[in-house]
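Colleague: In case you want the letters, here they are:
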Amino acid sequence: MQDHAKSFPPQGGKPVLSLSGISKSFPGVRALHDVSLELHAGKVTALVGENGAGKSTIVKILTGIYTPDAGEITIGDTPHKFASPRESWRAGIAAIHQETVMFDELTVAENIFMGHMPQTATGLVDWKSMRKGADELLKRIEADFSPDAKLKQLSVAQKHMVEITRALSHEASVIIMDEPTAALSRNEIDDLFRIIAGLKAEGRAIVFISHKFDEIFRVADSFVCLRDGEMVGSGNITDITEARLVRLMVGRPIDQVFPKRNIPIGEVVLKVDELSNATEFADISFELRRGEIMGFYGLVGAGRSEAMQSLFGIGNPTKGNITLNGTPLKIKSPGDAIAAGISYVPEDRQEQGAILPLGVRENVTLASLASHVRGMFLSRSSEVAAVRKLGNRLDVRAANWEQRLAELSGGNQQKVVIAKWLATRPKVIILDEPTKGIDVGSKAAVHDFIGELAEEGLAVILISSELPEIMGLADRVIVMQEGRIADVFDRNSWSAEQIVSAATGARKVA
Amino acid sequence: MKEQSTPRAQVADAAPKTFADIILRWETILVVLLVVVVIGNTLISPYFLDIYNLSDATFNFSEKAIIALGMTLLILVRDIDLSIAAIIALASLFMGLAADAGGTAPMLVATGLAVGGICGAFNGLLVARVGLPSIVVTIGTMSLFRGLAQVILGDQAITRYPAGFKALGDGYAIKWPPVPYSFALFLVLAVIFAAVLHKTAFGRKLYAIGNNPVAAYFSGIQVNRIRFWLFVLTGLLSGIAAVFLTARIGSTRPNIALGWELEVITAVILGGVSISGGSGTIPGVVLAVFIIGLATFGLSLINVPGIVISVLLGILLIVSIAMPIVVRRLLAKSST
Amino acid sequence: MNILLKNRELALAIIISIMLIGISIYAPAFASTENAASVLNDTSILCMLALAQMVVIITRGIDLSVASNLALSGMLSASLAQNFPDLPVITYIAVAMITGLLLGLINGSLISFLGIPPIVVTLGTLAIFRGMIVVYGGGNQVNASEMGDVFQSFPKLTIFGFSTIFWIMIVVAIAVWIFLSLTRTGRGLYAVGGNPLAARYCGISLQRQQLLVYALSGTISGLCGYLWVSRYGVAYSEIASGFELTVIAACVIGGISIAGGVGTVPGALLGALFLGIIVNALPVMQITPFWQMAISGAVILAAVVVNARVEKRGVKLILPEARQRAGAAR
Numbered sequence: 001m002q003d004h005a006k007s008f009p010p011q012g013g014k015p016v017l018s019l020s021g022i023s024k025s026f027p028g029v030r031a032l033h034d035v036s037l038e039l040h041a042g043k044v045t046a047l048v049g050e051n052g053a054g055k056s057t058i059v060k061i062l063t064g065i066y067t068p069d070a071g072e073i074t075i076g077d078t079p080h081k082f083a084s085p086r087e088s089w090r091a092g093i094a095a096i097h098q099e100t101v102m103f104d105e106l107t108v109a110e111n112i113f114m115g116h117m118p119q120t121a122t123g124l125v126d127w128k129s130m131r132k133g134a135d136e137l138l139k140r141i142e143a144d145f146s147p148d149a150k151l152k153q154l155s156v157a158q159k160h161m162v163e164i165t166r167a168l169s170h171e172a173s174v175i176i177m178d179e180p181t182a183a184l185s186r187n188e189i190d191d192l193f194r195i196i197a198g199l200k201a202e203g204r205a206i207v208f209i210s211h212k213f214d215e216i217f218r219v220a221d222s223f224v225c226l227r228d229g230e231m232v233g234s235g236n237i238t239d240i241t242e243a244r245l246v247r248l249m250v251g252r253p254i255d256q257v258f259p260k261r262n263i264p265i266g267e268v269v270l271k272v273d274e275l276s277n278a279t280e281f282a283d284i285s286f287e288l289r290r291g292e293i294m295g296f297y298g299l300v301g302a303g304r305s306e307a308m309q310s311l312f313g314i315g316n317p318t319k320g321n322i323t324l325n326g327t328p329l330k331i332k333s334p335g336d337a338i339a340a341g342i343s344y345v346p347e348d349r350q351e352q353g354a355i356l357p358l359g360v361r362e363n364v365t366l367a368s369l370a371s372h373v374r375g376m377f378l379s380r381s382s383e384v385a386a387v388r389k390l391g392n393r394l395d396v397r398a399a400n401w402e403q404r405l406a407e408l409s410g411g412n413q414q415k416v417v418i419a420k421w422l423a424t425r426p427k428v429i430i431l432d433e434p435t436k437g438i439d440v441g442s443k444a445a446v447h448d449f450i451g452e453l454a455e456e457g458l459a460v461i462l463i464s465s466e467l468p469e470i471m472g473l474a475d476r477v478i479v480m481q482e483g484r485i486a487d488v489f490d491r492n493s494w495s496a497e498q499i500v501s502a503a504t505g506a507r508k509v510a
Numbered sequence: 001m002k003e004q005s006t007p008r009a010q011v012a013d014a015a016p017k018t019f020a021d022i023i024l025r026w027e028t029i030l031v032v033l034l035v036v037v038v039i040g041n042t043l044i045s046p047y048f049l050d051i052y053n054l055s056d057a058t059f060n061f062s063e064k065a066i067i068a069l070g071m072t073l074l075i076l077v078r079d080i081d082l083s084i085a086a087i088i089a090l091a092s093l094f095m096g097l098a099a100d101a102g103g104t105a106p107m108l109v110a111t112g113l114a115v116g117g118i119c120g121a122f123n124g125l126l127v128a129r130v131g132l133p134s135i136v137v138t139i140g141t142m143s144l145f146r147g148l149a150q151v152i153l154g155d156q157a158i159t160r161y162p163a164g165f166k167a168l169g170d171g172y173a174i175k176w177p178p179v180p181y182s183f184a185l186f187l188v189l190a191v192i193f194a195a196v197l198h199k200t201a202f203g204r205k206l207y208a209i210g211n212n213p214v215a216a217y218f219s220g221i222q223v224n225r226i227r228f229w230l231f232v233l234t235g236l237l238s239g240i241a242a243v244f245l246t247a248r249i250g251s252t253r254p255n256i257a258l259g260w261e262l263e264v265i266t267a268v269i270l271g272g273v274s275i276s277g278g279s280g281t282i283p284g285v286v287l288a289v290f291i292i293g294l295a296t297f298g299l300s301l302i303n304v305p306g307i308v309i310s311v312l313l314g315i316l317l318i319v320s321i322a323m324p325i326v327v328r329r330l331l332a333k334s335s336t
Numbered sequence: 001m002n003i004l005l006k007n008r009e010l011a012l013a014i015i016i017s018i019m020l021i022g023i024s025i026y027a028p029a030f031a032s033t034e035n036a037a038s039v040l041n042d043t044s045i046l047c048m049l050a051l052a053q054m055v056v057i058i059t060r061g062i063d064l065s066v067a068s069n070l071a072l073s074g075m076l077s078a079s080l081a082q083n084f085p086d087l088p089v090i091t092y093i094a095v096a097m098i099t100g101l102l103l104g105l106i107n108g109s110l111i112s113f114l115g116i117p118p119i120v121v122t123l124g125t126l127a128i129f130r131g132m133i134v135v136y137g138g139g140n141q142v143n144a145s146e147m148g149d150v151f152q153s154f155p156k157l158t159i160f161g162f163s164t165i166f167w168i169m170i171v172v173a174i175a176v177w178i179f180l181s182l183t184r185t186g187r188g189l190y191a192v193g194g195n196p197l198a199a200r201y202c203g204i205s206l207q208r209q210q211l212l213v214y215a216l217s218g219t220i221s222g223l224c225g226y227l228w229v230s231r232y233g234v235a236y237s238e239i240a241s242g243f244e245l246t247v248i249a250a251c252v253i254g255g256i257s258i259a260g261g262v263g264t265v266p267g268a269l270l271g272a273l274f275l276g277i278i279v280n281a282l283p284v285m286q287i288t289p290f291w292q293m294a295i296s297g298a299v300i301l302a303a304v305v306v307n308a309r310v311e312k313r314g315v316k317l318i319l320p321e322a323r324q325r326a327g328a329a330r
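Sequences listed follow chains A, B and C, in order. Start counting the first sequence at 1; every next residue gets the next number (the numbering used here). Start counting the second sequence at 1; every next residue gets the next number (the numbering used here). Start counting the third sequence at 1; every next residue gets the next number (the numbering used here).
Chain A with its partners taken away, still in its complex shape (with noise of 0.2 Å):
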């Protein structure tokens, strides 16, 4: 432990460690092009961009998870190429990742220690001195709970402190935390920083990412920008403002990206009343018409998702009304939702979306087989001209149909998963977070097909956490807040500040 102590120096001009010229690529995806950053001991640096900029490829690069085509990471004097998690954890690096994914069923001692477990002098781990040392260091960022307690007994935020401790353990020069408050309580944010206030104190330098901004604002001391995997401004927090900020990462000015189609909105299609559950969202209530396309927007972690996957019969059980075309819906499965015309395309493409080890054909028309089915029996000819059909209008970029899903790039899996629900000819479509994680092209291309969509009559329901994306394509945008409808936001009449605020829930605490 002492040595690696040693190794950042309390202050100084020299980085501890610094990218230079990082580039990688995936099949079809540049994820990052010539990054060079600078940490710094005892500064928190703001690693800001939209989703899919290339945030969490540098994470990875960093924690070893993904090696880059080119470029260097040196640290203090030496370069580094990291082969596997464990040699960058060996070099000093620690992260704190969104969803917690540690051991659950083991205690917090142990996930502390795991992989370096202390032993005594007969080669058996030393339990006495592992729970001390984790005591001692839980103490240290005054946290609340036993080192004997198992996981899965704390809450998400006591599991980051238990990362964060774990990083403590052996002394890491850099920590890397990704959208840790995610998930946290105002209470709990605050803990938060007082944590990361006492690590710059002690010399460390802390890569922060989050998509509030201010809280990067509250804790970063420098940031870097990301935007289509490239940097385009790193600097001093305090030499710029959160509009010059926001501008960085969307890079151009918004209604030129997406140019809004004018499309005439008709009659109610989908009406929500009160719609509620347990402990997720509560008294969700909204219209929507023919051609219109409505905005979700609020942070991660603001019950979104689950309130709209409750209109497609997924989740706890809820009160409340659901009217389609007049006709009230009872939803109780996926397959219910699809029969009265509701579609879903979900935010987790590689889980709920896609069936990855299938072809393009055979992934296009799963929703809607019935509609394939001549006499007893499937007709390919009839699945052949559907995928035909969709898969040219997405521009689909496959070698053929039968190619499976597996071999495509993240954008062109997500086209097929969007075929795969306008194939059961959908009067209202759900589109969850529809460009996370996929290319500059395919991300046009899905943004220019949802106004296609909205223009040939279907109603559809955006959730996005990307501003730029709801205030181009939306017509109005419901923002939500901690399971609650916080706004509502019509598009003669909102701003990015109004609608970040309100979900951010500013205006109450103000």
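A hint or two may mislead.
To be verified - Below, in silico cross-link-like pairs of lysine-lysine (DSSO-like), each with a Cα-Cα straight-line distance of 27 Å or less:
1. A:K271 with C:K316
2. A:K330 with C:K316
3. A:K212 with A:K43
4. B:K205 with A:K427
5. A:K271 with A:K332
6. A:K152 with A:K139
7. C:K316 with A:K152
8. A:K200 with A:K212
9. A:K60 with A:K43
10. C:K316 with A:K212
11. B:K17 with A:K389
12. A:K139 with A:K200
13. A:K43 with A:K81
14. A:K389 with B:K333
15. A:K81 with A:K60
16. C:K316 with A:K436
17. B:K205 with A:K389
18. A:K332 with A:K319
19. A:K128 with A:K139
20. A:K260 with A:K389
21. A:K200 with A:K132
22. A:K332 with B:K205
23. A:K150 with C:K316
24. A:K389 with A:K436
25. C:K156 with A:K319
26. A:K81 with B:K333
27. A:K332 with C:K316
28. A:K60 with A:K212
29. A:K128 with A:K152
30. A:K139 with A:K150
Think of the hints as simulated: they come from the structure by calculation, not from any bench.
Using the hints provided, position chains B and C relative to the given structure of chain A.
Modeller: Just chains B and C, lined up with the frame of chain A:
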């Protein structure tokens, strides 16, 4: 980066089939294996290629083969049923009780099917409704079902079966070429299962569930309802197997069909069905059933003891799964 | 009630105690010290195999070949005794254990290096190992009269009223407990089973662990092979046939999750003891032993249902009032 600007390419319907695609198919490998088995057996024993002997051989594997069809679908959707042999024991017991009570052949058959279906529904309920892992549930019901049979039967055996019932076990559906009832039913079922799995919407849904149950559910497929009915189906098929087996050997003992679950699963895996779900075909499983059945028959013709045959089958199972992995690794190594 | 739901071992111990009291009231003969000793002696082999199986299951694996391994190792050991009846007993034990180890390494290599699913590999070796007995011995069996005294007398020695089998089981249990609780590797097994990806980030190698756990399972099976054959005085191809499922049943009853990452030494021991008591109590209670299988089946199902209830799925707490409620409950 500018994917948009590239001209829109015409996407082909399917990749052209290469020779390698066909030759490396699992079914092709199985066909070769089957040919090897047939040629080997012919060389070993002059009695092998005799139509009556071959017809006799089918008695020994048709019952297991019938269950293998249901097991294929279960494993395809990531489930497994270890209780099939115990279901046979319980179904056989109730048929025996019915026979003792003076039941006629059709009544016995109905009893066997009903017990099989009910046992399957019990498994299905615990797995699909309560949400328990199928491997543990069916280890439990395996003890429970056979245990119940043992409780009722003790160390007795039921041997008085009506002649009409016994005829099902050793009679022929077609006189020439001689096709026993059990084998005939297996062939019919195999065709039906192949058609359902590979040609219908239901079959497609099974592949979707096996490859990604969550995405399948999000696509409107009633995942748990389907899993439940697959357990019922496998139970029913076990009931059918119980009918043929009981009729053939003419007796019910507590240890009837002991260890069959492992033989059936071996056939399914050798047939190319992935134990982690999502891939496999009925023709593959049918081929595997024939390979195992004929190999066993051929070896028994030259008086190889059953337990030694099971060694060879065990080796066959592991080698056939390991070979493609080793070959793929060697290919990957040589290409870099 | 809450504590009982959280602590499976304690709950199981209480259930077993209630069961013991019930049986003793019904049949006082059952409560004698001699009988208690005989139950423990009878159950020791199951206990050891359950411990070994638990170690495998913790890593999300399964070893179906344990009973076949036991039979083959026992056979080789007995056949050594048949030919050389006067060797020190440790040689017979060593031969059984080394045989078991080698068989376990076969499983482990196929699983670890080739990445074949454990259930497939051990399903195959289940048939192979048992069949090898016939291939090796030509279907002959080794009877008590052929084994020699050294081979047979060792497990029947008693120390403080308990047989050596029992004491060996105690040593194995302590060793497994030390391994699982007090070594980095042991704790790593829980990490791998609980969250393989996170374990990889912590630098724990799944491959090395797999090789190790199947080797361990094999070695203990080999040891049990010697003990089984010498205790029951016969070695042939059918001994302990189907016992692998009893072993897994003991694990399930002991609260070991088939999904990996969960399992304790007391749990495995209590699970095995539970089955052992049922087997031994039935004749005392004048219930036909034919009930044994049905009861253990019902108990397995009850155990899975209870364990599933304990591992209740969480809901997201988004609404402030829901969080407050949960906070108050914590």
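Colleague: Work down the list of hints and note, for each, if the structure agrees.
Modeller: Hint-by-hint comparison with the structure:
Proposed proximity of K271 of chain A and K316 of chain C is supported: the alpha carbons are some 25 Å apart, at most 27 Å. For a cut-off of 27 Å, the pair hint linking K330 of chain A to K316 of chain C stands: about 23 Å separates their Cα positions. A C-alpha spacing of about 19 Å is found between K212 of chain A and K43 of chain A, which places the hinted pair at or below 27 Å, so the restraint holds. For the given pair, K205 of chain B sits about 24 Å from K427 of chain A by alpha-carbon distance, which is consistent with the 27 Å threshold.
A threshold of 27 Å between alpha carbons decides the hint, and for K271 of chain A with K332 of chain A the separation of about 17 Å falls inside it, so the pair holds. Between K152 of chain A and K139 of chain A the alpha-carbon distance is near 20 Å, which keeps this suggested pair within the 27 Å criterion. For the hint pairing K316 of chain C with K152 of chain A, the CA-to-CA distance comes to about 14 Å; that is within 27 Å, so the pair holds. Of the pairs offered as hints, the one joining K200 of chain A and K212 of chain A holds, with about 20 Å between alpha carbons and a cut-off of 27 Å not exceeded.
With a C-alpha separation of about 21 Å, the suggested pair K60 of chain A and K43 of chain A falls inside the 27 Å cut-off, and the hint holds. A distance of roughly 21 Å separates the Cα atoms of K316 of chain C and K212 of chain A; the hinted pair therefore holds under the 27 Å criterion. Only pairs whose Cα atoms come within 27 Å are accepted, and K17 of chain B paired with K389 of chain A is accepted, the gap being roughly 23 Å. Pair hint K139 of chain A plus K200 of chain A holds up; C-alpha atoms about 17 Å apart against a cutoff of 27 Å.
Taking the CA atoms of K43 of chain A and K81 of chain A, the gap is about 24 Å. The hint holds against a cut of 27 Å. Pair hint K389 of chain A plus K333 of chain B does not hold up; C-alpha atoms about 41 Å apart against a cutoff of 27 Å. Between K81 of chain A and K60 of chain A the CA atoms are separated by roughly 13 Å; this keeps the pair inside 27 Å, and the hint holds. The suggested pairing of K316 of chain C with K436 of chain A holds, with an alpha-carbon distance near 22 Å, which does not exceed 27 Å.
As the CA atoms of K205 of chain B and K389 of chain A are separated by approximately 22 Å, the hinted pair is consistent with the 27 Å bound. Restraint check for K332 of chain A and K319 of chain A: satisfied, since their Cα atoms lie roughly 12 Å apart, inside the 27 Å limit. At roughly 16 Å between alpha-carbon atoms, K128 of chain A and K139 of chain A fall within 27 Å of each other, so this suggested pair holds. Under the criterion of a C-alpha separation no larger than 27 Å, the hint pairing K260 of chain A with K389 of chain A is consistent with the structure, at around 25 Å.
Distance hint between K200 of chain A and K132 of chain A is fulfilled; the C-alpha atoms sit about 24 Å from each other, no more than 27 Å. Taking the CA atoms of K332 of chain A and K205 of chain B, the gap is about 19 Å. The hint holds against a cut of 27 Å. A distance of roughly 19 Å separates the Cα atoms of K150 of chain A and K316 of chain C; the hinted pair therefore holds under the 27 Å criterion. Taking the CA atoms of K389 of chain A and K436 of chain A, the gap is about 25 Å. The hint holds against a cut of 27 Å.
In summary, the hint linking K156 of chain C to K319 of chain A is not supported, as the alpha carbons are separated by about 68 Å, beyond the 27 Å threshold. Using a Cα cut-off of 27 Å, the hinted pair K81 of chain A and K333 of chain B holds, with the two alpha carbons roughly 24 Å apart. Restraint check: the Cα-Cα separation between K332 of chain A and K316 of chain C comes to about 19 Å, which is no more than 27 Å; the hinted pair holds. At roughly 21 Å between alpha-carbon atoms, K60 of chain A and K212 of chain A fall within 27 Å of each other, so this suggested pair holds.
At roughly 22 Å between alpha-carbon atoms, K128 of chain A and K152 of chain A fall within 27 Å of each other, so this suggested pair holds. Taken as a hint, the K139 of chain A and K150 of chain A pair is honoured in the structure, with Cα atoms around 17 Å apart against an allowance of 27 Å.
This entry does not satisfy hints 14, 25, going by the numbered hints stated previously.
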